[in-house]
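Student: Sequence:
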Amino acid sequence: MTEHGPTPDPTVPQTELDEDGLRRLLAGLTAVREGDLSVRLPDTGGGILGEIAGVYNDMVGHLSLVTSEVTRVADEVGAQGLLGSRIRQPRSRGV
Numbered sequence: 023m024t025e026h027g028p029t030p031d032p033t034v035p036q037t038e039l040d041e042d043g044l045r046r047l048l049a050g051l052t053a054v055r056e057g058d059l060s061v062r063l064p065d066t067g068g069g070i071l072g073e074i075a076g077v078y079n080d081m082v083g084h085l086s087l088v089t090s091e092v093t094r095v096a097d098e099v100g101a102q103g104l105l106g107s108r109i110r111q112p113r114s115r116g117v
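Read left to right, the sequence shown gives residues 23 to 117 (the working numbering).
Think of the hints as simulated: they come from the structure by calculation, not from any bench.
Keep in mind the model is a prediction, meaning the values are calculated, not measured.
Hints are supplied without guarantee of correctness; some may be wrong.
Distance ranges between label pairs, derived from CB positions [unchecked claim]:
| hint | residue 1 | residue 2 | range |
| --- | --- | --- | --- |
| 1 | Asp65 | Ser90 | 19 to 27 Å |
| 2 | Gly67 | Glu91 | 17 to 25 Å |
| 3 | Asp97 | Gly67 | 35 to 43 Å |
Just so you know, even glycine gets a beta-carbon here, dropped at the ideal spot from N, CA and C.
Turn these sequences into a full structure, and let the hints guide you.
Tutor: Spelled out as structure tokens, the structure:
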């Protein structure tokens, strides 16, 4: 037993918060910070990291759609001078 709880059994696979899964998450978050919305996290087959990967992938997909829509509106405004153009993004709030 450690001061933080029972000593993990090394023969039991880690399905929850393993370092490799956290490093994949960190790499994905870093990619988004750098503007790369193409990175998706693999489905780990369950557990909390699987849930986080699913939410991350949904979030990045949504950000990609928003980015595409902002680009479309900017192109429309630039090409046609339509200052009344609005973003069409039903899942977003405040746009």
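Student: If a hint holds in the structure, say so; if it doesn't, say that too.
Tutor: Status of the hints after comparison with the structure:
{"no.": "1", "hint": "Asp65 with Ser90: 19 to 27 Å", "in the structure": "holds, 24 Å"}
{"no.": "2", "hint": "Gly67 with Glu91: 17 to 25 Å", "in the structure": "violated, 33 Å"}
{"no.": "3", "hint": "Asp97 with Gly67: 35 to 43 Å", "in the structure": "holds, 41 Å"}
Hint 2 from the earlier list is the only one contradicted by this structure; the remaining hints agree with it.
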